[in-house]
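Protein chains: 2
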Amino acid sequence: MTITLENIRIVDFSIMMQGPHATQMMADMGAEVIKIERPRLPAAGLPDVRYGKNGNYGRDPEDSVFMSATYLAHNRNKKSIAVDLKQEKGREIIRRLLKDADVVYQNFRPGVMTRLGFDYAGCCKINPSIIYASASGWGKDGPYINKPGQDLLAQVMGGFAAVNAGADGHPMGIGFSISDLMGALYGAFGVMGALYHRQRTGEGQEVETNLLNGTIAALSEMALHYLNTGIEPRRDTPMHACPFLPTPYGIYKTRDGYITISSCHMLSQLSEVLEIPNLAEDPRFDSDQNRDKNRVQMEKIIEEALSRKTTGEWLELMEKEDLWVAPVRSLSEVFSDPQVLHNGMVETVDSPVGPLKMPGIPYKLSKTPAKIRSAPPTLGQHTDEILKSIGYSDKEIGNLKREDVV
Amino acid sequence: MTITLENIRIVDFSIMMQGPHATQMMADMGAEVIKIERPRLPAAGLPDVRYGKNGNYGRDPEDSVFMSATYLAHNRNKKSIAVDLKQEKGREIIRRLLKDADVVYQNFRPGVMTRLGFDYAGCCKINPSIIYASASGWGKDGPYINKPGQDLLAQVMGGFAAVNAGADGHPMGIGFSISDLMGALYGAFGVMGALYHRQRTGEGQEVETNLLNGTIAALSEMALHYLNTGIEPRRDTPMHACPFLPTPYGIYKTRDGYITISSCHMLSQLSEVLEIPNLAEDPRFDSDQNRDKNRVQMEKIIEEALSRKTTGEWLELMEKEDLWVAPVRSLSEVFSDPQVLHNGMVETVDSPVGPLKMPGIPYKLSKTPAKIRSAPPTLGQHTDEILKSIGYSDKEIGNLKREDVV
Numbered sequence: 001m002t003i004t005l006e007n008i009r010i011v012d013f014s015i016m017m018q019g020p021h022a023t024q025m026m027a028d029m030g031a032e033v034i035k036i037e038r039p040r041l042p043a044a045g046l047p048d049v050r051y052g053k054n055g056n057y058g059r060d061p062e063d064s065v066f067m068s069a070t071y072l073a074h075n076r077n078k079k080s081i082a083v084d085l086k087q088e089k090g091r092e093i094i095r096r097l098l099k100d101a102d103v104v105y106q107n108f109r110p111g112v113m114t115r116l117g118f119d120y121a122g123c124c125k126i127n128p129s130i131i132y133a134s135a136s137g138w139g140k141d142g143p144y145i146n147k148p149g150q151d152l153l154a155q156v157m158g159g160f161a162a163v164n165a166g167a168d169g170h171p172m173g174i175g176f177s178i179s180d181l182m183g184a185l186y187g188a189f190g191v192m193g194a195l196y197h198r199q200r201t202g203e204g205q206e207v208e209t210n211l212l213n214g215t216i217a218a219l220s221e222m223a224l225h226y227l228n229t230g231i232e233p234r235r236d237t238p239m240h241a242c243p244f245l246p247t248p249y250g251i252y253k254t255r256d257g258y259i260t261i262s263s264c265h266m267l268s269q270l271s272e273v274l275e276i277p278n279l280a281e282d283p284r285f286d287s288d289q290n291r292d293k294n295r296v297q298m299e300k301i302i303e304e305a306l307s308r309k310t311t312g313e314w315l316e317l318m319e320k321e322d323l324w325v326a327p328v329r330s331l332s333e334v335f336s337d338p339q340v341l342h343n344g345m346v347e348t349v350d351s352p353v354g355p356l357k358m359p360g361i362p363y364k365l366s367k368t369p370a371k372i373r374s375a376p377p378t379l380g381q382h383t384d385e386i387l388k389s390i391g392y393s394d395k396e397i398g399n400l401k402r403e404d405v406v
Numbered sequence: 001m002t003i004t005l006e007n008i009r010i011v012d013f014s015i016m017m018q019g020p021h022a023t024q025m026m027a028d029m030g031a032e033v034i035k036i037e038r039p040r041l042p043a044a045g046l047p048d049v050r051y052g053k054n055g056n057y058g059r060d061p062e063d064s065v066f067m068s069a070t071y072l073a074h075n076r077n078k079k080s081i082a083v084d085l086k087q088e089k090g091r092e093i094i095r096r097l098l099k100d101a102d103v104v105y106q107n108f109r110p111g112v113m114t115r116l117g118f119d120y121a122g123c124c125k126i127n128p129s130i131i132y133a134s135a136s137g138w139g140k141d142g143p144y145i146n147k148p149g150q151d152l153l154a155q156v157m158g159g160f161a162a163v164n165a166g167a168d169g170h171p172m173g174i175g176f177s178i179s180d181l182m183g184a185l186y187g188a189f190g191v192m193g194a195l196y197h198r199q200r201t202g203e204g205q206e207v208e209t210n211l212l213n214g215t216i217a218a219l220s221e222m223a224l225h226y227l228n229t230g231i232e233p234r235r236d237t238p239m240h241a242c243p244f245l246p247t248p249y250g251i252y253k254t255r256d257g258y259i260t261i262s263s264c265h266m267l268s269q270l271s272e273v274l275e276i277p278n279l280a281e282d283p284r285f286d287s288d289q290n291r292d293k294n295r296v297q298m299e300k301i302i303e304e305a306l307s308r309k310t311t312g313e314w315l316e317l318m319e320k321e322d323l324w325v326a327p328v329r330s331l332s333e334v335f336s337d338p339q340v341l342h343n344g345m346v347e348t349v350d351s352p353v354g355p356l357k358m359p360g361i362p363y364k365l366s367k368t369p370a371k372i373r374s375a376p377p378t379l380g381q382h383t384d385e386i387l388k389s390i391g392y393s394d395k396e397i398g399n400l401k402r403e404d405v406v
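Those protein sequence lines, which keep their order, are chains X and F.
Note that our numbering gives residue 325 to position 325 of the first sequence, counting from 1, and the numbers run on in steps of one.
Note that our numbering gives residue 160 to position 160 of the second sequence, counting from 1, and the numbers run on in steps of one.
Please keep in mind that the hints were generated in silico from the structure rather than gathered at the bench.
From the three backbone atoms N, C-alpha and C, an ideal C-beta is built for every residue, glycine too.
Relax, there's no trap hidden among the hints.
Simulated DEER-style distance windows between Cβ atoms:
#	chain 1	residue 1	chain 2	residue 2	range
1	X	Lys320	F	Arg109	15 to 21 Å
2	F	Arg200	X	Gly391	23 to 29 Å
3	X	Glu6	F	Gly230	35 to 41 Å
4	X	Glu313	F	Asn290	39 to 45 Å
5	X	Ser374	F	Glu203	22 to 28 Å
6	F	Lys371	X	Gly344	34 to 40 Å
7	X	Ser374	F	Ser307	46 to 52 Å
Construct the entire structure; sequences and hints are all you get.
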């Protein structure tokens, strides 16, 4: 056996990112993830997607550039069936699928699945040992039950924008969908726990996660620090990377660009390379408290010294002294970096519109490795195959198509 | 049975954050995580930690403020044994522990565990079905094998600082240890897969992850977009939260503070509430392409309108129209938010120095819920208990203590 989640079937109602990223992680591990789509849903499939230097994504000109990158990034290794859930015959297909399923994953707003008859109670009637995962914006109940749940809203409500604020105090969203990601990762971890428990005992259960909880859990040490000291994080300067670590810890200007210095524990060696008086012996900076208090002064001294050479020159001098430093990479540099390529973090899969590049799998299992096996499916690509697997005949499938059920 | 990872024993050599956050996630699920510490390691335990409004963390004045918050945030629900691994009798303790263990987790630099005899091959000799997880900075081999691996360095090398750059082009570290977190979460997910596989087949294996891979995987849709278009993300203005979503999508100034508007799909309704001419019909903004091109102009118009009322006034008006908006929360507001409290995301545990507050568990399992059962251990708190559990007598334990092995 070489597949981790062999014979695990996941019925995936999830949309956008929080749910799909979680189920993609399980698809990477070999689970059969069946994505339930609505027939003729716009912006759901690959066929009309064009990609190229012009960034012209999307099924048609009305679709946003981003929608389809989102779809493509979170649905590899999955199968797609297009079913009209508003028709009884469509819901019958889902009921048959659930009989043989192990996991349901959904991230509709609270209430939607109940109306369809596929909430946890409904699914349990069909399959008592089902694992039922719900991912929402704020939680399955509570005061925010009716608030729209979305990545940026969760970032600001959960504290990310405060922690990531600029030196001028302007709160900043983190430049990608990090709250969606946190909800996905903690949710996937919860489902893995539930799968492990079911493997041992046969018992299924409900798993719940949401963007808000994921955001707060991700603050981890920041949250713990605040909760026990009452001190709000604050970034004094644009270069400073973390409010609770003493300078130098951040991204500094050089003569021709930027350099990252993560060497708050090596101040004497840094001073030597910079050819400036030893900062560690300067009374303004001789303790963590003083370095914190006089951060802006110290950063000014360091950037003045750094302005004398290029990033490349500094990196060479500093790495020789084992200082913790790095350049700042653009994405083009990231994705041509020799270690990134060595680690297999760029993969290419065939898709109906040509080769599609995507980031690789970040963890490696030596005996049952996760793998990228297929591109994100086109809308309803596996409808026939899936219907046959749950006992529909060719004739029945033809009828379902004529009736616009699939 | 109410514990997900009942009877799972994890021998945890990990330090700082990437490893400890991962093993804490499994400790929350009920695994017995035994933290291997060196005797008299500074900054490792609670006893000398003071916390209060002065932010004075640390075992002694030389410790940084941050070290101990890091320890406290990532080691709840664990046991601690202090063992001198340089002594043969110390290594013998580890060998006995490994006999009954299920998982080893370590994040030393490549090579350290080999020298101790506890690399995967060494551990397999003692326990052939062991799951062996290694977390490093850049990978277990490859060109960066000797580079120091650390959160900020991984953030800049993996693209986070580029994606999070300010509008002035200054790359910015994300204000907390997000690369450590990504390595931890993907690593924990990998180990859960390995545990599931072992439960089915009896077979153990190696699991590998690192900060760089976690960072790149987390870029997900950003990475996919770049890899297939060659377009670097770029934040035009401080308010703009994501380079690939059209305005309005970000954090804007109001008369008395900030408001988050995530309503790029509701431009007409927004214009109405703002009492300005319909932006969706303005030829400068009538397509996604134009809204992207003329972003700065549109943001100026919106902020001008927003300056007429307070955040509270705008929220009331906009929520009435179902616009996707939110205030920007400080951490004090986050941790007094009614939904955050409703979700159980602030917990308090007793510790030797008094009650310790920490963020709660972000996912909920209905039948085998993860729980915070105990505060991070003091250094070597469970040494006697653990030694007894692997067969050492009181007399032998006394001898080990006299010889400074434990």
